[in-house]
Amino acid sequence: MPQRSLIRAGGVLLAASLALTACGSRDSGGGSNSGGTTTKTAKIGVIAPLSGDLSALGKGIQHSVELAVKQANDSNAIPGWKLEVYAVDDEGKAEVGKNAATKLAADDAVVGVVGNLNSSVSQQTQPVFAAAKITQISPANTNPTLTKGADAANPKRTYATYFRTCTTDAIQGPFAAQYLLANGMTKVATIHDKKAYGQGLVDAFTAEFKKGGGTVTSAQTINPDESNYQAVVSAISPTGPQAVYYGGEYPQAGPLSQQMKAAGLNVPLMGGDGIYDPKYVDLAGKTSEGDLSTSVGAPTDSTDAGKKFLADYDAAKYAEPAAAYGGYSYDAANAIINALKVSLKDAANAKAARDATTTEVGKVSFDGVTGKVSFDEYGDATSKVLTVYKVTGGKWVAAKTDTFK
Amino acid sequence: MDLFMQQLVNGVTLGSLYALIAVGYTVVYGIVQLINFAHGEVFMIGAFGALGTWSYLLGESTSIWVLPIMIIGAVAASTGTAVIMERFAYRPLRHAPRLAPLITAIGVSVFLQEAVRLFYPGAKSKLPFPQIDVVTGPAFKLGGVVIQRAALFTVIALVICALLLWLFVNRTKLGRGMLAVSQDPDTARLMGINVDRIIVVAFALGAILAGVAGVAQGLQNSNIDFRIGFLAGLKAFTAAVLGGIGNIEGAVVGGLVLGVVEALVTQYTQYLPFGLSAFGGSSWKDVWTFALLILVLVFRPQGLMGARVVDRA
Amino acid sequence: MNTSTLPNGARGTTAVTVSRPSMQWYLTLAGVVLLIVGSLLSWCYDEGVLGNVSLNVNPGPIQVFMIVIAVLTLFFLLLRGGLFPVLDRLLDSARALRALGATATAFMVAVVIVIALQTSGLANADPGVFVALVGAALITWGSWSLASDPTVDPVSVHMRGWVDILVIVALLAIVLFGAAYALGQEDGTVFVLFLSVLGGVSLALARSGLFSWIRVIAQRHRQVLMLGAFAVAFLFPFTQNGSDANMSIATQVIIFATTALGLNIVVGLAGLLDLGYIAFLGAGAYVGATLSYSAFATIHWKPPFIVVMIIGACVSATLGLIIGTPTLRVSGDYLAIVTLAFGEIFRLAMFNLDGNNGPNLTRGPNGIPAIPDLEFFGFNFGDTHDIFGIPINRFGNYYFFLLVVAAIIILVFTRLNNSRIGRGWVAIREDEKAAEAMGVNTFGLKLFAFAGGAFLAGLAGTVKAHQDVSVTPDQYVFLESAFLLAAIVLGGMGTVAGVLIGATILKLLPEKLRFVSDYRLLIFGLLLVLIMRFRPEGLVASHRRQLEFHEEDTELAEHVEHAHLEATAGSEGTA
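Residue numbers (this note's numbering), protein chains in the order written: chain R, 1 to 405; chain B, 406 to 718; chain F, 719 to 1293.
Just so you know, these hints were derived from the structure itself, not from any lab. All figures in this text were calculated on a predicted structure; none of them were measured in a lab. Honestly, I wouldn't trust all of these hints.
[Claimed, not checked] Computed list of lysine-lysine pairs in DSS-like fashion (alpha-carbon distance at most 27 Å, straight line):
| no. | chain 1 | residue 1 | chain 2 | residue 2 |
| --- | --- | --- | --- | --- |
| 1 | R | Lys93 | B | Lys529 |
| 2 | B | Lys546 | R | Lys286 |
| 3 | B | Lys529 | R | Lys317 |
| 4 | B | Lys546 | R | Lys103 |
| 5 | R | Lys148 | F | Lys1020 |
| 6 | R | Lys187 | B | Lys529 |
| 7 | R | Lys133 | R | Lys93 |
| 8 | R | Lys156 | F | Lys1020 |
| 9 | R | Lys103 | R | Lys43 |
| 10 | R | Lys405 | R | Lys70 |
| 11 | R | Lys405 | R | Lys210 |
| 12 | R | Lys372 | R | Lys384 |
| 13 | R | Lys307 | R | Lys372 |
| 14 | B | Lys529 | R | Lys395 |
| 15 | R | Lys372 | R | Lys103 |
| 16 | B | Lys529 | R | Lys286 |
| 17 | R | Lys93 | R | Lys40 |
| 18 | R | Lys286 | R | Lys405 |
| 19 | R | Lys103 | R | Lys70 |
| 20 | R | Lys351 | R | Lys308 |
[What the hints assert, rightly or not] Here's a subset of chain R near chain F, in silico, CB distances under 8 Å, partners left out:
| no. | residue |
| --- | --- |
| 21 | Gly52 |
| 22 | Ala109 |
| 23 | Asn154 |
Idealized CB from N, CA, C, for every residue including glycine.
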C-alpha cells in the first residue's frame, strides 16, 4: 500500500528533523573572540531623562559622560580595560527610573553610574544601586535628604554608594535668599511644585529669608501636570511681592513667568538650578528679562578647565548641548574613572570591582571643570561655590559668583 | 470686591475655553449617543495645527494678520483629525455594543497623543506658543481688575462661534437635518436625510470649535504640549454634562458656569474654617470639579438646562 | 469523505477509504523536504545577518523556526495521509497546511529581502535560502488546492481521559518551554521573528480547529488544567537561573495580571465599565506603604504584614463601595465617566496630601520610598535563596508569593463566576431591566462586584508596594487603568485564561521590544482600535461573550447552546 511506505518515510523524516532541531545548539560563540585581545570591558551607566520634558538636561548629562569615557579610553587611563557608556532613560519619572536602574544593576559589567537628574527619581534608584553595590554619582540631585536622611536634625548617611558633585538645596535656597535681601527685596511670594526638589528649595529659602528680615507674602503650590497657573497668579498678585521665588523646574517655571507678567505682575521670578536652562527663556518669552536663577559652582565657561571641557564637547559634535549639568556629569564620570584606576587594577572582572570603586570614589580629590571635586562623609560635594544668573538679552548671564557662607 | 471681580473674570475666561470644547462633546452625543473620549485630543491637535502653521508657513511673524491664518490652520488640523477618526474608528462600530466605541475612543485618544509626541518636531517637551503682539501684549486694567488680552480673545471667540453655530443649526437645511437626526434618527432617515453625512458634520462642527479653543489656550498659556487634551477634555465633558449633554446652549452655559465655579472655589475655599482650608486653593480645584461631575451625573444626569431624555442602559 | 454520513464510532476501516494521496499531497511533501534541507544549509555568507545563518547543518534561530514549521506541516500532511484517523476527524488539515505554507513563504520572502538589503544585493545569499524558499512555495502551492475536509464538532467527540490529559500536559510544557525561550532571547530581531512564527503557527492551528478541540478538553478537565498551569507558573523561575531582568518582568506581569483579574470581575462578569480601577491598586499600595517600616512612612503603627494586607484590601473595598453606590442611578458610559473621575480624584488626593495641602499622609509627589522587603518568620524576601541548587532571587521570592495571591484570586473569580452571584452578574450584563424583573438584586450585586474587585486589587497593591520599594502618585494615572482594561479586552472579557494572556502580552512585549519602546503607546492605542474593530470579543473569548458581539451568527448560537447543555450534563453527572 502506498500509504504505509509514505507514512514510514514521513516518520523517518520526522524523527530525523526532530533530532536535528534537538541538537541544533550553536557553538559559534567562542569563534569571534579568539583574536587574542585581553582587553576587558567595564561600563559606566548613565541614568537620566533622555526623553520627555527634561530631555535637554538628560542628553547633556549623557554626552558629557560619553566625552569623559572617550577621553579615558583614548589616553588608556586604565590599562587592560576598555570603558563603555550604558545609557538608560528614566523619563524623569520615579517608576521608570527604578526599572531602568534594575536594568543597569543586572549588567555585570556596570561598575559606576552617573545620574539621576531628579531627586525624586534618585530616591527610588538609590536602594537599587546600593543593593547591587554600584557607585552612583548624581550631577544634579540637590535634595539634602538623599545623603543625610529623612531627619535633618540628626544627619545619617542613608546609602554608602551614593555621591553627588553638586551642592544641595540646603545651600542653594539660602544663597538665593541672601542675594534677594542684598538687592533690597524684602517681600517675596513663594511657589513650589510639591516635589522633593522644589519643596526643599523653598523651605530652605524661606527659613533664611525670614532670618534675614524678609517677609513671605504668600506661599503657594502648583501641580506640575497643569499648564495654566492663573489661579496661583491671581492669589499672589494682591499681596504685592517684589519678587517670586519658585521651587521647581523650567517646564513649569517658564510658562509661570510668562503668565505672571501677562497678568500684570511685573516682578522677577527667581528659581534654583532647575530653571537654569536655555529652554526656560524660550518658554517664558520676551517678558522673562530680569528673571533670576541660582546654579551650583562657577559658570562652566569662567574657568580654564571649564573652557577646555566646552571646547572638547563642541569638537565631539554631539547632537545636544552640554546644558546645565554637563560639567557636573563630566566631573562625576571622571570621579568614577579616577576610582576605577585603583579598583580595576587587580580586579578579575568588573563586578568584583564594585565595592572597591565605592571606597575609592569616597577618596577622590582632583580639580574638575566645576572646581575641586571631592566628597565629604555623607557623599556630598565639598565645594560650596554658587552663581546667580540673570536673563539678559534672552540668555542666562552670570550676575554673581560666590562661596556660600 | 476687586478680588471677586478678578476671579469672575478669570472664571469667565476659563469657562469660555471649556465651552468651546464642550460643544464638541454635546453635538456628537446628541446625534450618535457616543462619548467621544478623544475629543480632547482633537482640541490638542488644533493647538499644534496653529503652531505648525505659524512656524512652517508664516515664518514666525508676530503681527496681527497671522492670527486668522493660524486659526484656519488649527481648524483644518482638528477637523481633518475628527473626520478621519469618525470614518475609520467609529463608523464601523455604529451598531456594536456600547462598550466597543468607548474603548475605541480611549485607543484613539492614546494614539493621537502619541502620534503628536513622536512625529511633531520637539513635541516631546513643552513648546512655546507664538506670541502675537496685539493679543498677548500688556493686560488692560479696569479699576483693580486685570483683564488679559488673550482672555478677551477667548471670550470673543466663544461669542462669535456660538452665534455662528446657532445660525447654522437653526437657519440652514443641514443644521435642521442635524436637529431631526438627534430627535429621531430612524424617522429622519425615512424622511430622506443622509444620517452618515449628518454625523460627519457633527464631528466636524465640534472639531472646528475645538480648533479655535486650541489657539485660545495656546495664547493664554503661552505654551502647549501633547498632554493638554486629557484634562481639558475631561473638564469640558464635565461642562457638557453640567449643561445637559446633547443640548448645545447647555454646553455653553455649562462651560461658563464650570469656569466661574472653579475660579471662585479656588479663591474662597482658602477661607474655610476648622482647618478645612487645607483642602482648598488651586491644588484641590480639580478634585472639586471632578466631584461636581460625579454629583451631577448621579443626581441630575439631565444637567442644568435639561438634556434630551435618553435611556442610559 | 463526509463524516456526517459515518456511524459515530466508526474508526480504522473508514480511514483507509481516504482517497489516495493526490498530486498536491506529494508536492507538499516535497516542499517539506526542501524546506528542511534548505534550512539545514547555509543561507548567507555574512555572519552578521539575522543572527548568523551562515553555517551548514547548524541552524540559527530563524532556521530552527523554519524547521519547526516544516515538521508541523509534515504532521498535518501525515494526518491527511491517514496516520491518525481520530485526529483527522477533528482537525481540518487542509486549512492548517495552507496557513503554514503561507507563513513559511512569507517568512522566506522576508528573509531573502532582509539578506538583500543588509548585504547590499543578493550576491551574498547562499543556495540554502533559495532551496528553503522553493520548499515553502511548494508547500503553499501544493496545499492551496487541497480540498478542505469537513470536521466534526469537538464537543461530540469523546476520547479516553488520559489522551485529553496528555494533550494538556504537552500544551503546558510547550507554553513553559516557549516562554523560557522567548524571554531568553536578548536579540530583539530574533524575538520578533519568534513572535511572528508563533503567530503564523497559531493561525494555522486555529484554522485546523485544534484550539476549539483544546477548549473542549480544557472545559472537561478544568481542574487538571488549572493545576497544570499553576505548576508551569511555579516552575518558571527555575528556568531562569537567577536572572534579575526576566524575573523582574515576570513579577510585574503577575501583579498586572492579578489586578486585571480583579477588574475582570467588574467589567467582564458584571459588565460595568470601570476606568478608574488603578485607584484600588493604589489604595492598597498606599496602605501597604504607610504601614511599612519605611523611614518615610507617615503612620507609625506597624502591624504584621498579613494584617496590613487585610487592611489594604478593606480600605480598597470601602472605596469600591463608595464608587459603586452611583451604580444605583448611573450605568453605561456615564458610569465609566464617574469611575474615571474617581480615579483622577484618587490620584490628585494622593498628590496633595503632603502637609502643604491637607494632612501629610502620602508625602505628595515624592511618594513613600525605601519600603523594606517583606519578612516572614525570618525569611527575608530581599535575599537570594537556593532551591535545588538554583538561586531564587528577590524577584523570584515575590514571584512565588504573588503566585499564591494570584491563585487565590483566580479561585475566587472562578467560584464566583460559576455561582448564583455569577449568573446574576451575567443577567445584569445582558439585560439589567429583565434581571431586575426576574428578582435579581441588581444593586446589591453591582455593589458586590465593585467591592469584590476592589478588595482583590487592594490585596495585590499591598504586595506591590513592597515589591516596588516605593509608592508614588504617578504610578496610578489614567493610562494605567486603560492598560488594565486593554488587557481584559485583548484577552477576552470574563475569561481567566484570556486575561492572563492579555496581561502577559501587554507587559512583556514592551519590555522585550526595547527598540520600539518609544512607539509602544502608539501601538497600544492602535491595537485597541483594531481589536474593537475586528475581534471585539478578544483573543480567548468565552462563547457566550462572542455571541453578544455577533448576534446574527445562528451557527455560533447553536454551538453555544450545545456546549452549554454538554457542560451542565457533565457537571450533573460528576456531582
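Taking the hints in turn, this is what the structure says about them:
no.: 1; hint: R:Lys93 - B:Lys529; in the structure: 14 Å, holds
no.: 2; hint: B:Lys546 - R:Lys286; in the structure: 21 Å, holds
no.: 3; hint: B:Lys529 - R:Lys317; in the structure: 22 Å, holds
no.: 4; hint: B:Lys546 - R:Lys103; in the structure: 56 Å, violated
no.: 5; hint: R:Lys148 - F:Lys1020; in the structure: 24 Å, holds
no.: 6; hint: R:Lys187 - B:Lys529; in the structure: 37 Å, violated
no.: 7; hint: R:Lys133 - R:Lys93; in the structure: 23 Å, holds
no.: 8; hint: R:Lys156 - F:Lys1020; in the structure: 23 Å, holds
no.: 9; hint: R:Lys103 - R:Lys43; in the structure: 13 Å, holds
no.: 10; hint: R:Lys405 - R:Lys70; in the structure: 37 Å, violated
no.: 11; hint: R:Lys405 - R:Lys210; in the structure: 17 Å, holds
no.: 12; hint: R:Lys372 - R:Lys384; in the structure: 10 Å, holds
no.: 13; hint: R:Lys307 - R:Lys372; in the structure: 15 Å, holds
no.: 14; hint: B:Lys529 - R:Lys395; in the structure: 23 Å, holds
no.: 15; hint: R:Lys372 - R:Lys103; in the structure: 32 Å, violated
no.: 16; hint: B:Lys529 - R:Lys286; in the structure: 23 Å, holds
no.: 17; hint: R:Lys93 - R:Lys40; in the structure: 33 Å, violated
no.: 18; hint: R:Lys286 - R:Lys405; in the structure: 34 Å, violated
no.: 19; hint: R:Lys103 - R:Lys70; in the structure: 23 Å, holds
no.: 20; hint: R:Lys351 - R:Lys308; in the structure: 33 Å, violated
no.: 21; hint: Gly52; in the structure: 11 Å, violated
no.: 22; hint: Ala109; in the structure: 14 Å, violated
no.: 23; hint: Asn154; in the structure: 12 Å, violated
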